[in-house]
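Colleague: Working from the sequences, and respecting the hints, build out all of it.
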Amino acid sequence: MSSLTQLLYTARDSLTAQSYGLNVTGQNITNVNTPGYVKRDPLLETRALGTATTGSVTVAGLSRATDIYIERRELSARGSAAAASEHDNQLASVEALFNDLGATGMGSALNNLFASFSGLATNPNDPTARSAVLSAAGAFADRSNAIAGSLSDTKNDLLKQAQATTEQINQKAASIAQLNRRILAAQAQGEDAADLKDQRNSLLLGLSELVDVRTIPDDKGSIIVQASGTSIVDGTDTRALSVDLAADGSLKINADNGSGGSTEVTQFLTGGKLAGIKETRDVDLFEVANRLDKLVFDVGNAVNAQHAAGFGQDGVSGRNLFDVGPTLSDAARTLRLGAAVAGNPAAVAAAGDVASLPGGSDNAVALANVFNTALPDGRTAAETYGDIVGDIGQRKSAVAQAVETQNAIKAQVQTMRESMSGVSLDEEMVSLTKYQRAYEAAGRVLSTVDQLMQTLINEIGK
Amino acid sequence: MRVTEGMRYSQVLANLANINTQHEEAAQEASTGVRVGKPSDDPIAAAQLARLSASSSQTKAQLSTIDTVRGDAELTESTLSDASDIFVRLKELALQGANGGLTAEDRSAMSVEVSGLKQALLSLSNTRGTRGYLYSGTDVSTPAFDSNGVFQGNDQTHVVAIGNSTPTAVSTSGSDAFVVAGGRNVFADLDSLATALASNDEAGIRGAVDTIDLSHNQLVNARAKAGLILSKLDASQTVLSSLDTQQQKTAQTAGAADPYEAYTRVTTLGQTLDRAIAVSKQILDLGSTNRF
Numbered sequence: 001m002s003s004l005t006q007l008l009y010t011a012r013d014s015l016t017a018q019s020y021g022l023n024v025t026g027q028n029i030t031n032v033n034t035p036g037y038v039k040r041d042p043l044l045e046t047r048a049l050g051t052a053t054t055g056s057v058t059v060a061g062l063s064r065a066t067d068i069y070i071e072r073r074e075l076s077a078r079g080s081a082a083a084a085s086e087h088d089n090q091l092a093s094v095e096a097l098f099n100d101l102g103a104t105g106m107g108s109a110l111n112n113l114f115a116s117f118s119g120l121a122t123n124p125n126d127p128t129a130r131s132a133v134l135s136a137a138g139a140f141a142d143r144s145n146a147i148a149g150s151l152s153d154t155k156n157d158l159l160k161q162a163q164a165t166t167e168q169i170n171q172k173a174a175s176i177a178q179l180n181r182r183i184l185a186a187q188a189q190g191e192d193a194a195d196l197k198d199q200r201n202s203l204l205l206g207l208s209e210l211v212d213v214r215t216i217p218d219d220k221g222s223i224i225v226q227a228s229g230t231s232i233v234d235g236t237d238t239r240a241l242s243v244d245l246a247a248d249g250s251l252k253i254n255a256d257n258g259s260g261g262s263t264e265v266t267q268f269l270t271g272g273k274l275a276g277i278k279e280t281r282d283v284d285l286f287e288v289a290n291r292l293d294k295l296v297f298d299v300g301n302a303v304n305a306q307h308a309a310g311f312g313q314d315g316v317s318g319r320n321l322f323d324v325g326p327t328l329s330d331a332a333r334t335l336r337l338g339a340a341v342a343g344n345p346a347a348v349a350a351a352g353d354v355a356s357l358p359g360g361s362d363n364a365v366a367l368a369n370v371f372n373t374a375l376p377d378g379r380t381a382a383e384t385y386g387d388i389v390g391d392i393g394q395r396k397s398a399v400a401q402a403v404e405t406q407n408a409i410k411a412q413v414q415t416m417r418e419s420m421s422g423v424s425l426d427e428e429m430v431s432l433t434k435y436q437r438a439y440e441a442a443g444r445v446l447s448t449v450d451q452l453m454q455t456l457i458n459e460i461g462k
Numbered sequence: 001m002r003v004t005e006g007m008r009y010s011q012v013l014a015n016l017a018n019i020n021t022q023h024e025e026a027a028q029e030a031s032t033g034v035r036v037g038k039p040s041d042d043p044i045a046a047a048q049l050a051r052l053s054a055s056s057s058q059t060k061a062q063l064s065t066i067d068t069v070r071g072d073a074e075l076t077e078s079t080l081s082d083a084s085d086i087f088v089r090l091k092e093l094a095l096q097g098a099n100g101g102l103t104a105e106d107r108s109a110m111s112v113e114v115s116g117l118k119q120a121l122l123s124l125s126n127t128r129g130t131r132g133y134l135y136s137g138t139d140v141s142t143p144a145f146d147s148n149g150v151f152q153g154n155d156q157t158h159v160v161a162i163g164n165s166t167p168t169a170v171s172t173s174g175s176d177a178f179v180v181a182g183g184r185n186v187f188a189d190l191d192s193l194a195t196a197l198a199s200n201d202e203a204g205i206r207g208a209v210d211t212i213d214l215s216h217n218q219l220v221n222a223r224a225k226a227g228l229i230l231s232k233l234d235a236s237q238t239v240l241s242s243l244d245t246q247q248q249k250t251a252q253t254a255g256a257a258d259p260y261e262a263y264t265r266v267t268t269l270g271q272t273l274d275r276a277i278a279v280s281k282q283i284l285d286l287g288s289t290n291r292f
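If you're matching them up, the sequences are chains S and F in order.
Residues in the first sequence are numbered consecutively from 1, following the working numbering.
Residues in the second sequence are numbered consecutively from 1, following the working numbering.
Keep in mind that the hints were calculated from the coordinates and are not lab data.
The reader is advised that the hints may include incorrect statements.
The following label-pair restraints were derived from C-beta to C-beta distances [said to hold, decoys possible]:
| id | chain 1 | residue 1 | chain 2 | residue 2 | range |
| --- | --- | --- | --- | --- | --- |
| 1 | F | 146 | S | 128 | 25 to 31 Å |
| 2 | S | 412 | F | 249 | 55 to 61 Å |
| 3 | S | 248 | F | 248 | 44 to 50 Å |
| 4 | S | 250 | F | 44 | 27 to 33 Å |
| 5 | F | 169 | S | 330 | 41 to 47 Å |
| 6 | S | 246 | F | 169 | 38 to 44 Å |
| 7 | F | 70 | S | 330 | 41 to 47 Å |
| 8 | F | 273 | S | 19 | 44 to 50 Å |
| 9 | S | 164 | F | 241 | 31 to 37 Å |
| 10 | S | 248 | F | 249 | 45 to 51 Å |
One-sided and incomplete, this derived list gives chain F residues near chain S with beta-carbon spacing under 10 Å [said to hold, decoys possible]:
| id | residue |
| --- | --- |
| 11 | 45 |
| 12 | 117 |
| 13 | 250 |
The beta-carbon is built from N, C-alpha and C at its ideal position, and this holds for glycine as well.
Modeller: This is the structure in structure tokens:
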């Protein structure tokens, strides 16, 4: 049978427990908009003191509403969405280089070049028509250089972005390892370390947008973080990622192997901004630049072959209209107006033979017809350029579709996680009322016991 | 399922962003009339438009070529017509000169007119067009004939790019028209008449009537050939103009927005956006702590 004094202790425990409940509810309300915050519930249980029944309450700690599988799915979904989004952003700048619909492509330069040959044929002896050919050829070379240069600059920028991204990854990994250490220490002292875990959660969410992330918790509160197939955080240890260039110029992702060396993990990279950068740089930019080089190389050589067959007004033949590099590689970036014709309109070979000078136009017509002649790949220059434009549009469109899909998946998983771990103000308002009322009731118990004891003391004293 | 504040905000944000994006795209399409503004809007149409742009550029270049060379072709036809007219007058003079009733003075006076007509013919044969001397072949910087009517040009043909691959000849050979080997040297025939008239040589004058006829026929034939060139240019222009129109229509079909559809879409999405904002307000009000 419990005494009044025991009841006092019970009321005290209740005040402590309800106060704790109010405290946790306050934490939830405070962090309703905090990324990575996991809703907390106070764990109250009956206080057991030996075999006696006291009906008292004690605070056993708090629980965090988490599910490792949903969290993993969210990390994965965020990584895929970030990769697609980065890929989409980067491709938008590539698409802009070939957007003839917005007057930024090289279609008009190509068309003007061949139109200038037609113009030359109408009046081969006209210096203006000859200058127009040089001007159009120069513009075509300039446009090729500009687009290829932009593609090359973008490749260099993406290398720097990849390096900056791995630095961010390494910083976050170091912070996670640091939090692992603090969580282990806190839990060793019997603390729940909820705030630290939430901070780690927030870092993981950020990390998942940079690289594909998978977490493996251990039973002591620490986690292993795997990225690009390697454990970048293992408890309190970290392994840094780094980026350099492979022999073929593609991005190479390395991970410290813990013994002073590194291991290539490129093939395991599947998500995050880093994957989007790599995909754009090493697949799209590589293929688009190659196709552009081939087009410019083939057009330059086809025009040169025909131009060299004709004669300038000085009776000289064998001159190239363009200086084209010896190989496909970098052909678009290095195309130049031929040194033998630059600044010398009379050298433009409009005539098909010396006898037809100065007004012969056979070769000018033949040059214009290069436009209608299949290049080595079996397609005309205009067809090939159209193919490139269509290909870039297709890539960008497919990636934009992927962004929508991945964002939808991410939103779905986030909804699941939010439903489980998020804060509902409705619930918290109910909890607030629940603990407030319980606190008030415990106060009444305390007040009642106080009155009873006062009555008892007064009666005894009479 | 638990519904949290985060879910409400995310849902509202996602919905509004989605509708706003669609509305922006629709407004862009409706206001510009352009459905394909960048390759990713419709990759197949973008590729088609790039190729079409090339074809259209080529068509326009060829139409421009026709416009440019037409002037010279018309001038050629016109000068040959004038030259032909000169020979009509020469034949009249030859027939008059062959009349036995004329005096030597009469014929001498006619000879002066014939010499004048020769100068006019020389001047016509050395007519300059936009690219140089019309009848010099491709040696356009050199007068076709010297003062004695000796051909100084060449027999090369001026060709231009019209059509897909075959070079089209657009010049008339001065040698064919005026001094063709195996044909008549119109200047020599004219000189013979002048000489016969000046020397009061009735037999020579009668003989010149026939040669003047032959020279006239030669010029008429040359004019007919020049006319054929003009006809060919006209025919090509008709075909290319039609092709140009068709290419523009195709480009419009491939890349332009349907104005009615675009306007309807932007209006519908505007209404959807208004409703979404109203619903969003209600959703956000659900989380208000004022209700407690």
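Colleague: Look at each hint and say if it fits the structure.
Modeller: Now the hints, each set against the structure:
1. F:146 <-> S:128: 25 to 31 Å: Since residue 146 (chain F) and residue 128 (chain S) have Cβ atoms about 29 Å apart, the given range 25 to 31 Å holds.
2. S:412 <-> F:249: 55 to 61 Å: Hint violated: Cβ distance 45 Å, outside 55 to 61 Å.
3. S:248 <-> F:248: 44 to 50 Å: 45 Å, holds
4. S:250 <-> F:44: 27 to 33 Å: 30 Å, holds
5. F:169 <-> S:330: 41 to 47 Å: 42 Å, holds
6. S:246 <-> F:169: 38 to 44 Å: For residue 169 (chain F) against residue 246 (chain S), whose Cβ atoms are near 58 Å apart, the range 38 to 44 Å is violated.
7. F:70 <-> S:330: 41 to 47 Å: Given about 45 Å between the Cβ atoms, the range holds.
8. F:273 <-> S:19: 44 to 50 Å: 48 Å, holds
9. S:164 <-> F:241: 31 to 37 Å: With Cβ atoms ~57 Å apart, the hint is violated.
10. S:248 <-> F:249: 45 to 51 Å: With Cβ atoms ~47 Å apart, the hint holds.
11. 45: 9 Å, holds
12. 117: 29 Å, violated
13. 250: Constraint on residue 250 (chain F) not satisfied, violated at 13 Å.
In summary, the structure is inconsistent with hints 2, 6, 9, 12, 13 from the numbered list given earlier, while agreeing with the others.
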